[in-house]
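2 protein chains.
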Amino acid sequence: MMAAPAAALGVHLRVLAESERASAAQVVADAPVGKAADDDALRALVAGDVPGASGDPVPADVLTFEHEHVPGDSLRAIAAEGTSVQPGADALVHAQDKIVMRARLSELNVPVPRWAAVGSQGELAEFLAAVGHPDPDPSLPDRAPRAVVKTSRGGYDGKGVRVVAEPADVDDWFAAAAAGGPALLAEELVPFTRELAVLAARSPSGEVHTWPVVESLQVEGVCYLVTAPAPDLSPETERAAREIAVQVAEGLDVTGVLAVEMFEVNGSVLVNELAMRPHNSGHWTIDGSVTSQFEQHLRAVLDLPLGDTAARAPWTVMANVLGSAHDQVTDALADVTAADPGAKVHLYGKDVRPGRKLGHVTVSGADLEQVRARAEAAAAILRGGPGPIYWGESDG
Amino acid sequence: MMAAPAAALGVHLRVLAESERASAAQVVADAPVGKAADDDALRALVAGDVPGASGDPVPADVLTFEHEHVPGDSLRAIAAEGTSVQPGADALVHAQDKIVMRARLSELNVPVPRWAAVGSQGELAEFLAAVGHPDPDPSLPDRAPRAVVKTSRGGYDGKGVRVVAEPADVDDWFAAAAAGGPALLAEELVPFTRELAVLAARSPSGEVHTWPVVESLQVEGVCYLVTAPAPDLSPETERAAREIAVQVAEGLDVTGVLAVEMFEVNGSVLVNELAMRPHNSGHWTIDGSVTSQFEQHLRAVLDLPLGDTAARAPWTVMANVLGSAHDQVTDALADVTAADPGAKVHLYGKDVRPGRKLGHVTVSGADLEQVRARAEAAAAILRGGPGPIYWGESDG
Chain A
1 MMAAPAAALG VHLRVLAESE RASAAQVVAD APVGKAADDD ALRALVAGDV PGASGDPVPA
61 DVLTFEHEHV PGDSLRAIAA EGTSVQPGAD ALVHAQDKIV MRARLSELNV PVPRWAAVGS
121 QGELAEFLAA VGHPDPDPSL PDRAPRAVVK TSRGGYDGKG VRVVAEPADV DDWFAAAAAG
181 GPALLAEELV PFTRELAVLA ARSPSGEVHT WPVVESLQVE GVCYLVTAPA PDLSPETERA
241 AREIAVQVAE GLDVTGVLAV EMFEVNGSVL VNELAMRPHN SGHWTIDGSV TSQFEQHLRA
301 VLDLPLGDTA ARAPWTVMAN VLGSAHDQVT DALADVTAAD PGAKVHLYGK DVRPGRKLGH
361 VTVSGADLEQ VRARAEAAAA ILRGGPGPIY WGESDG
Chain B
1 MMAAPAAALG VHLRVLAESE RASAAQVVAD APVGKAADDD ALRALVAGDV PGASGDPVPA
61 DVLTFEHEHV PGDSLRAIAA EGTSVQPGAD ALVHAQDKIV MRARLSELNV PVPRWAAVGS
121 QGELAEFLAA VGHPDPDPSL PDRAPRAVVK TSRGGYDGKG VRVVAEPADV DDWFAAAAAG
181 GPALLAEELV PFTRELAVLA ARSPSGEVHT WPVVESLQVE GVCYLVTAPA PDLSPETERA
241 AREIAVQVAE GLDVTGVLAV EMFEVNGSVL VNELAMRPHN SGHWTIDGSV TSQFEQHLRA
301 VLDLPLGDTA ARAPWTVMAN VLGSAHDQVT DALADVTAAD PGAKVHLYGK DVRPGRKLGH
361 VTVSGADLEQ VRARAEAAAA ILRGGPGPIY WGESDG
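Protein sequences, first through last, are from chains A and B. The numbering used here numbers the first residue of the first sequence as 1 and each following residue consecutively. The numbering used here numbers the first residue of the second sequence as 1 and each following residue consecutively.
Where hints are given, some of them may not hold.
Note that identical chains are pooled: a pair holds if it fits in a single copy or bridges any two copies.
Said to hold, decoys possible - List time: in silico SDA-like cross-link candidates among lysine to any residue, alpha-carbon distance up to 20 Å: (1) K350 <-> V58; (2) K357 <-> A117; (3) K357 <-> A6; (4) K350 <-> A175; (5) K350 <-> H12; (6) K35 <-> E243.
Hints in this document: simulated from the structure, not taken from any laboratory.
Chain A on its own, in the form it takes in the complex:
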């Protein structure tokens, strides 16, 4: 989704694609194949895998990311050799390691759920006693949830996150951690009213912009519906949420787009997760904002002046297409375009797998209920089945 704004700005995009069939390789002309964890592949990407206009390889001016799974050591070495790496490895680590992130946000006095790094059953028991429901509590069932345990690295879309009732619930993770796997952290179960997200962009020169705060509806740990702006949000909470995003962007020296996922609890906000890249909670900006998160990310990492983040319509709702009953999601193209001539369909060129993010639909307008209903209906046609997540016949 960065390809269109890159073309419009005259920015040559060279993407390290996981395979020749990867989404990016389908739509970017210069897409060498390799793994982001492979130092050689990263260096070839930066050096220029393909001949440029002159016939010689053209090295990249800037290296940036669409996911966090890129080794910090490689990035530091590449930066030391003179390539601009945005965000830098010292910022990116906060999106790679939840313990590092929580510790740094706590230092900055950014509101976060109560949390602790837990290295053993004993430490988790201590945390549960401190923040969980009183134990034993006769009013609660034996297996009442009491906290969230997360792996510090490698989790996404609900993976690496487990709601626990007692320390033994993550025995397997403790064993994995002891064997060199990711460390664990425990967090209080936040009784949130809803989830919000704030998207910000910051350039190396220090310019920071935020977009309107959005409401994010998650189903089974996966983002399903984003409403922009978040309905019924008090001006105070809106301001606080945006200020936190700016504070995080500056405090962590983030460059490019930063997504800050938050819990709203009685008008206050707590930071849940961070991403340092264009993020699902910001896909609404492609159609719904003057400057999309993808264009803004390019501007930011290239240290160009940032674009206007105003909304283009009173309401914009984005619905994810998570799995499909169709053989290919494109099989539903005629039906979805016939059903709603104003729904903006964005497919990712992926084969159907249960629950997989295959695309999203955006609808803008003046009537929130109508806009939301249209976005959900269009996504349902592409999904070809009931419910926000259609797991298909052969749920894997």
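For this one, chain A is given, so just place chain B on it according to the hints.
Here is chain B on its own, set in the frame of chain A:
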């Protein structure tokens, strides 16, 4: 500019690129190099130059165009072999040959300037006597313009168009026509108030949509500024203009996007030129309409239901960047983004040449004067020089 909507709709785009450095080749992964006039290149394009997912060449479902210079015989043969060609050769000829177009529009009773095919000085003298200023007219200078002569084929952006005072002014074209070059037609000089354009899209199933009528400001025969919708347009003229576009689309069996350029003369409209493809007068739709002309063209040629053509803002103005004083137009990227964070910049990946269309800028908003001033100012920064057309130091 078709690449982004193709990706979003999950449509694989294979483009015949003029060279490896062509604009399309920079942004489309599957871009074999060849000439549109080369039958072998067209057939390889349709057959599939590169392996698809299965490892075998994947033939195209639909063949369409971004310019008119594609031989009708090749298209008829390809269509006869079972590939959907949109628009078909029998429609496309009206965008290739102005005499064929004028004759057919006259048959359909579509209002056009008075015109005649002229095969000789004598026929042109006859036409001038019939529609031109009376000759001799003592109130006019000797060389007063009296009609427009056009080559029936091969003209664009003011090329192949000459304002004449007397038959000898196109002696060279008569000589060229006699030697097998394009035939000539003469048209009255229309005392137009302004130029309008109507964009329509029609699918093979017969669904037709038009966008709001726009005003097009031409400088030296080249489109410079497009204002959407056309200011101060009477509802009657708006309706008449849209109806003419629908009549032309249906009467000529056009599929895909059709641009109808018109003269407004005292509230009436006359058809000037046709294009059967996304057109410069419709670039405003990328940012200014719910469905861009590029997405709509894809929908139409694939016979998908068409999208909503409503404007997304009260006013949208598009300014072309015609030539630049910068070595590369991207050299002005920081300046233009700093000057106007809401201006949408679209560059075409072309090297600078005097007067060349290097890109365009779009601005949307509620205040027409402000929107127009912003679009012109942003284009001027990219141009790096005064006036709508900056011809540069070394005007060729």
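Tell me the numbers of any earlier hints that the structure contravenes, in ascending order.
Hints 2, 4 and 6 not satisfied by this model.
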